[in-house]
Amino acid sequence: DGGITQSPKYLFRKEGQNVTLSCEQNLNHDAMYWYRQDPGQGLRLIYYSQIVNDFQKGDIAEGYSVSREKKESFPLTVTSAQKNPTAFYLCASSDLALTNYGYTFGSGTRLTVV
Amino acid sequence: SQKIEQNSEALNIQEGKTATLTCNYTNYSPAYLQWYRQDPGRGPVFLLLIRENEKEKRKERLKVTFDTTLKQSLFHITASQPADSATYLCALEDVRRYSTLTFGKGTMLLVSP
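Protein chains in written order, with the numbering used here: chain A, 1 to 114; chain B, 1001 to 1113.
One chain only, chain A, in its complex shape (with noise of 0.2 Å):
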């Protein structure tokens, strides 16, 4: 079955140390993007990639960091400048084209400090 992996589901984080969330999809896809997701708040773009070795920055992209070394995976780093990380983040996939198809997402990973 194609689709996007996210792991792990849950992630504790403590102060000042950076954290990795993994990324991967077996869809064949070209976009990757990350969300944030706070309680009573949209989806906010975090980074997107259109292509591997490239990625751009989102609204939120201040104390995170991304890499797109391979089609199938972009991870997404935590870093401890970051202020406050404690959310739902996920990652999704799309065909730049956007047929009629969507985003496909993955299914979170809830980062919690501690």
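Simulated restraints on C-beta separations: (1) B:1011 to A:41: 15 to 23 Å; (2) B:1055 to A:12: 44 to 52 Å; (3) B:1061 to A:3: 19 to 27 Å; (4) A:79 to B:1058: 43 to 51 Å; (5) A:9 to B:1083: 22 to 30 Å; (6) B:1007 to A:12: 33 to 41 Å; (7) A:44 to B:1039: 17 to 25 Å; (8) A:59 to B:1071: 20 to 28 Å.
By construction, these hints were calculated from the structure, which means they are not laboratory data. A virtual CB, placed ideally from N, CA and C, is assigned to each residue, including glycine.
Since the structure of chain A is provided, determine the placement of chain B on it from the hints.
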């Protein structure tokens, strides 16, 4: 920047009725608009995409309309079922960033038996 408004109050309806959710946006009209369903603790699931030159689109019990003059999309679920209870998100293409989407906050739908 684009601002998307969805009713923040939950919509409560009885099973069998038609649910209608609203998505309003400001500024430019996007080339397309999408609707997603999100269950608690899960990622959104794509439902329908409607383009600016399409007035209406249907998929089984779902219908979406897109009025670029009113800057509004309506999302209808006919013959609603308790299993339709979820949060529904509206998303618009962001012309500043090719193929990225800007999402509304969503409207929760509760269908009672």
